[in-house]
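> Sequence:
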Amino acid sequence: MRNLGAGEVLVQALDADQSSAVLRHELAFVLGQLENEVAVTALTRSLGKVQEHAMVRHEAAIALGSIGGEISKRALREFSSDKEPMVAESCLVALDTAAYW
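Just so we're aligned, residue 2 is where the sequence shown starts under this note's numbering, counting upward by one.
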């Protein structure tokens with residue numbers, strides 16, 4: 002999937018979907034598994050949407066930790082003090098993951 006352009010298609014789906022928080026959660030999960038830097042901007046947008054379901058924001062944080070890099074870490078640090086505890090804690094875990102790799 003990594004070599005077939007799946008990352009770009011999944012990013013488009015994550016940005017466009019308005020039908021299901023579960024679907025957006027799964028899209029974020031797969032993007033994290035692919036560890037494709039093309040997803041960082043879209044995942045950061047999802048993480049920053051305070052109106053988004055916390056489950057989606059959580060998975061966006063975890064995916065950013067899997068992808069790593071300075072842009073991901075910057076976003077994770079920014080939202081590590083989010084008002085939603087699930088999001089804040091997920092960002093802290095993701096920062097630990099990013100530091101490990």
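Hints may contain errors.
[Stated by the list, open to error] No farther apart than 27 angstroms at their CA atoms in a straight line, the calculated lysine-lysine pairs in the DSS-like style are these:
id	residue 1	residue 2
1	84	74
2	50	84
3	50	74
[What the hints assert, rightly or not] Estimated spans, in silico, between C-beta atoms of each pair:
id	residue 1	residue 2	range
4	6	89	28 to 36 angstroms
5	89	36	20 to 28 angstroms
6	72	27	33 to 41 angstroms
7	36	13	26 to 34 angstroms
8	85	17	19 to 27 angstroms
9	30	51	31 to 39 angstroms
10	79	38	12 to 20 angstroms
11	20	75	28 to 36 angstroms
12	82	6	20 to 28 angstroms
13	16	75	17 to 25 angstroms
It should be emphasised that the hints constitute simulated quantities derived from the structure, not laboratory data.
None of these values were measured; they are calculated from a predicted model.
Each residue gets a CB set at the ideal place from its N, CA and C atoms; glycine is no exception.
> Each of the hints needs a verdict: does it hold here or not?
Status of the hints after comparison with the structure:
As the CA atoms of residue 84 and residue 74 are separated by approximately 19 angstroms, the hinted pair is consistent with the 27 angstroms bound. For a cut-off of 27 angstroms, the pair hint linking residue 50 to residue 84 stands: about 12 angstroms separates their Cα positions. Proposed proximity of residue 50 and residue 74 is supported: the alpha carbons are some 17 angstroms apart, at most 27 angstroms. Range check, residue 6 to residue 89: about 34 angstroms between beta-carbon atoms, so the 28 to 36 angstroms window is met.
Between residue 89 and residue 36 the beta carbons are some 23 angstroms apart, a value that agrees with the proposed interval 20 to 28 angstroms. The hint said 33 to 41 angstroms for the Cβ distance between residue 72 and residue 27, and at roughly 23 angstroms that hint is violated. A C-beta distance of roughly 18 angstroms is found between residue 36 and residue 13, which places it outside the suggested range of 26 to 34 angstroms. The hinted window of 19 to 27 angstroms between residue 85 and residue 17 holds, with their beta carbons roughly 23 angstroms apart.
Residue 30 and residue 51 have their C-beta atoms about 21 angstroms apart, which leaves the hinted 31 to 39 angstroms range violated. One distance hint, 12 to 20 angstroms for the beta-carbon pair residue 79 and residue 38, holds here, with the actual separation near 18 angstroms. Distance hint check: the CB atoms of residue 20 and residue 75 are about 30 angstroms apart, consistent with the given range 28 to 36 angstroms. Between residue 82 and residue 6 the beta carbons are some 36 angstroms apart, a value that contradicts the proposed interval 20 to 28 angstroms.
The hint said 17 to 25 angstroms for the Cβ distance between residue 16 and residue 75, and at roughly 20 angstroms that hint holds.
Of the numbered hints stated above, those contradicted by the structure are hints 6, 7, 9 and 12, listed in ascending order.
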